[in-house]
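Based on these hints, arrange chain B on the given structure of chain A.
Next come the chains, spelled out residue by residue.
Number of protein chains: 2
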Amino acid sequence: MSLTLEQRCVHTIRTLSMDAVQKANSGHPGMPMGMADVAFVVWTEFLKHNPANPKWHDRDRFILSAGHGSMLLYSLLHLTGYDLSLDEIKNFRQWGSRTPGHPEVHITPGVETTTGPLGQGFANGVGMALAEAHLAARYNHTGHKLTDHFTYAIVSDGDLMEGVSQEAASLAGHLKLGKLIYFYDDNKITIDGSTDLAFTENVQQRFEAYGWHCITIDGHDRDAIREATRKAQAVPDKPSLILCRTHIGFGSPNKQDTASSHGSPLGNSEIALTKKGYGLDPEKSFHIDEDVLAFFRRELQKGAAAEAAWDTQLEACRKAHPEIVEEYLSRMEGRLPENWDDVRPEFPADPKGMATRKASGLVLDAITPKIPALVGGSADLSGSNLTKAQTAGIVQAGAYGGTYIHYGVREHAMGSMMNGMSLHGGVIPFGGTFLVFSDYCRPAIRLAGLSHIQAIYVFTHDSIGLGEDGPTHQPVEHLAALRAMMNVLVMRPADANETAYCWQAAVAHKTGPSLLALTRQNLPTLDRSKYASAAGTLRGAYVLNPEVEAPQAIVMASGSEVEIAMKAQELLQAEGIPTRVVSVPCFELFDQQDAAYREAVLPASVQVRAAVEAGIPMGWEPYTGSRDKVVGLTNYGASAPFETLYEEFGLTAEAVVAKIKAQL
Amino acid sequence: MSLTLEQRCVHTIRTLSMDAVQKANSGHPGMPMGMADVAFVVWTEFLKHNPANPKWHDRDRFILSAGHGSMLLYSLLHLTGYDLSLDEIKNFRQWGSRTPGHPEVHITPGVETTTGPLGQGFANGVGMALAEAHLAARYNHTGHKLTDHFTYAIVSDGDLMEGVSQEAASLAGHLKLGKLIYFYDDNKITIDGSTDLAFTENVQQRFEAYGWHCITIDGHDRDAIREATRKAQAVPDKPSLILCRTHIGFGSPNKQDTASSHGSPLGNSEIALTKKGYGLDPEKSFHIDEDVLAFFRRELQKGAAAEAAWDTQLEACRKAHPEIVEEYLSRMEGRLPENWDDVRPEFPADPKGMATRKASGLVLDAITPKIPALVGGSADLSGSNLTKAQTAGIVQAGAYGGTYIHYGVREHAMGSMMNGMSLHGGVIPFGGTFLVFSDYCRPAIRLAGLSHIQAIYVFTHDSIGLGEDGPTHQPVEHLAALRAMMNVLVMRPADANETAYCWQAAVAHKTGPSLLALTRQNLPTLDRSKYASAAGTLRGAYVLNPEVEAPQAIVMASGSEVEIAMKAQELLQAEGIPTRVVSVPCFELFDQQDAAYREAVLPASVQVRAAVEAGIPMGWEPYTGSRDKVVGLTNYGASAPFETLYEEFGLTAEAVVAKIKAQL
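Chain order of the listed sequences is A and B.
The first sequence begins at 105 in my numbering and counts up one residue at a time.
The second sequence begins at 105 in my numbering and counts up one residue at a time.
Isolated chain A (complex conformation) (with noise of 0.2 Å):
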């Protein structure tokens, strides 16, 4: 039996994918088994890209939304001549590699996302998609495309399932976004078995509903995979599904189309027998004929080629448009304008003052002109959430330059896309909803943090404060759990000052995600002229009252109950206890402060503390010395005007002042 060229090098990917596993003792190999004819097709005949720089800005987008075949993406990087080596391949999932078990964005060169979480690779791509589309409209109209990739996936059923994508596959097909191809891996075979145990479902038909357009194919039938990807291509007002007919395990004389193949190693006896089926030398292991690697290298000079091609439409741009080369170019590599936080608005005293929401919209509207690259939505709570700038144009079907999105109550796509969009580069993405919803984009903040992406969100309603929607709306533990996950900066501003430095904060946080919690109801603007200045946010935690030398006692806050804290400073003051009050937007900003700044904030001589804030009480102990110091909550809330429910929970001033009291 004679392979061709072709089928070797299809076989390769194969082979290095189940060698890997199998010196791991680890693994997914059967999907890559499975999926390496499309992957093939696509990497040496469609994908755009330039392996000596994997972060050409114009490349194509390659996401393995089914992450737990990371082999196959790891195998097509080395073999189109990645930094990745050979070595790397052998170290699959060991200590300190490259190639972790599951693609992370920011460990491989090449790897355009971290997958394995189900469902978020297809929606991080429905963001890259729509950022590629915001850009050309932004910067392609002189003529030279700057912007002109696609960005393809390979999907698996269970990313189908899960809910993340389904919300966005709607919003995909709703904004037409042409230039998304997926190929889904329709294997039929899920971990517990045949996928018709629980998925039945038509998924042609579904996605033709959202507005896709669909082509099924046999995915080992490498003539087929070129026809349908070009017909995907041509078809520029929707996204693409090209649905493959393929077999996990390929080849596989006993494994094949079994859940046996998905996660485990198959063993070296069944590797033994797969290549000797593919006709292929069974004694050999991480084996790469000299001209299979030689085609797939090809890949180096292709992509010099595209690059060089770019690069002369770039200067010629430039030369013609200097402005909207450096405006394209500084948001691609996330630069911002100079001087941008000059336009931060400042706030004058006012007793009445304003919610931290409003102010949060505000500061948009003022940063909103300065930075072109931020581009927001909510999660159909726009005007509670007040993310629209008043300058910000609607992005909708075949108008991508506005810069707000309507993300539709998908909360949780909205926090995927968003990563996608960060990832892709040239957006600062920011998206809304309410504090309490946080839980439904959960998953999304956690690979932010994960990932070192930067994603702002905006979570107004952020406590009881929100009143009469009651409990199911009313977030209490969701600050304790948000502050619980790592690279997450949890801001809650006191006022309307703090929030503006908030924003500068999450702004300049480039190496993860932020978070606003916001008021929905309005907060005194504190007189700086009289309390510190609100660029103490910028530290995490800082002194109202430094003109208070001598503190006994300390009270500490964040957001609105800051109100109660200075409230309790004066009853304090008043019966002779002089108090500080220190106001807490950020702990991990805090935290992350030298030890002078915060023993000279907290420092340890004062141990009579006390910390107030609308929700558990957990976390605040290395501040407080002790959660039984935190005045807070220990139900769920409930359905009243707000100034009821201070009360009736015991979040006041006099209760501060009593855990003060019981210290002295």
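To be clear, the hints were calculated from the coordinates, so they are not data collected in a lab.
No false leads were slipped in.
Covered stretches of chain B, as calculated for chain A (at least 3 residues, CB under 8 Å):
no., segment
1, 125–135
2, 264–276
3, 486–492
4, 547–554
5, 559–573
6, 725–733
7, 737–751
A virtual CB, placed ideally from N, CA and C, is assigned to each residue, including glycine.
Same frame as chain A, now just chain B:
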């Protein structure tokens, strides 16, 4: 203009709703006004219910998934004679009322589930319909129909956009739940404005793709509503979606068909105009014509008759098959079989031991035959979660009598459906996935905690101990984030015998969810002749080595890290430091113990303490005294064999010893 009685009945639903929202100066009038025709027809002509006994086992279930329209439901409950007075309607959204902003199942008689967070009610209903089908399959074979009811819901565009509803819809179609009938309030308006802003998919086509039976009607044409409902009832093997084209804020001259009628009071003058337009007296508030009330209150007689007929059937069945009726009633009443916990397996001491997920599977094998109400499943991780008991049959379309559900990769729908099954009664639901994916179903867990719903989660692969799958699959902050939720038992057993007691606690905990965090890797089964009985698990924390009578130090841990704590104890003991080891499987249960017990376990006199857990340290402070005393993780994990991870991340007995010695 002369109005028919029927017209006045429908308008009364509308006027009560708009008056209550106006009086509260808060709420959502538009939806009740738009869906009053549908609600009237369903509640007075189709719904099998007995307002005098809202807990009648065989009532039809009615869910207002669009929970913001709560006044629609409260109006119906008052009008048809539930124990909800007109004063309660007038106290809408006020402190202490039974009419909170969004419906809460544990507060208001006749409310079947807590709704408001969109998509949840939709998925709850799928769970209820599945519970119905299951009970019918188990107990109707004698010809006596103990269980034979429909599950109705009103769902909104927001419900349909949410991922959780899409997951549940796909599964409902797969399972052919023909007695599920949903009315889609297709009013073309969302909070942001027209649904055209973000939601232009073909809903009917999508649901047909899932296998649903769809009918599109004018939602104000009551004859069409009647006919469509009859047709839906007549389709036994497909869930039905009746797409009702409606007008939000129906009849409001200036606000109908606008978002402004969605979430704010109409205003007194607009209310007057609207009532005038209806042909009603604009001066009257909270007014109900006597004949209107009488018409609605016929439901009391109809309901009493329906329940009496069912009682007759039940008694006939009891005569012929007393054991069937006894089992059925014990399930519906939430009674556990006597001495059910006698079957809890005891595992012999074994240094090699077993994974706690494995022990959990063996416990399920033992208790499943004894507790027929246990109906479980997994989100496509059956073989990993080990949730399928040997004797459990598979639930499939037309074969609902089984007790094992293949949920597919749909964690969120699983959680919400479990809530629905539990609320239906007759089922103690449990479901499995990896602990890291608790984030995907967190909104459902929260609602279970808030609404006192029993649901058991089997969360396996509970730490970096899962090894090579890497950080995307490694829960690190999840234990803390789940412990942050109130009325949720988060249990993490240290060995096989603790696992058995955790199951016992979970089955007995009828008023909230229980989460079992279980290992992938083997743990030694402790020698209980040497250490204290695992029965201490039921108290949340207990001393493993009470023979150390005057400890100088306490080391505590949960789950897999108890092994590390015990090694640390040996090392300390060898250095002459008598040390107590406390296993802490459940914070919540421990916090519920009396002060004497808590003091006995953690004596205030011993402040030299450390804890070790493969997660973030947050949350242990009340037991250790400070976060610094916790050996934990401060990163998202890594991909490598788990032994390497424990070493590299310093989760070792030596680290625990160092913590203790630093305090001595």
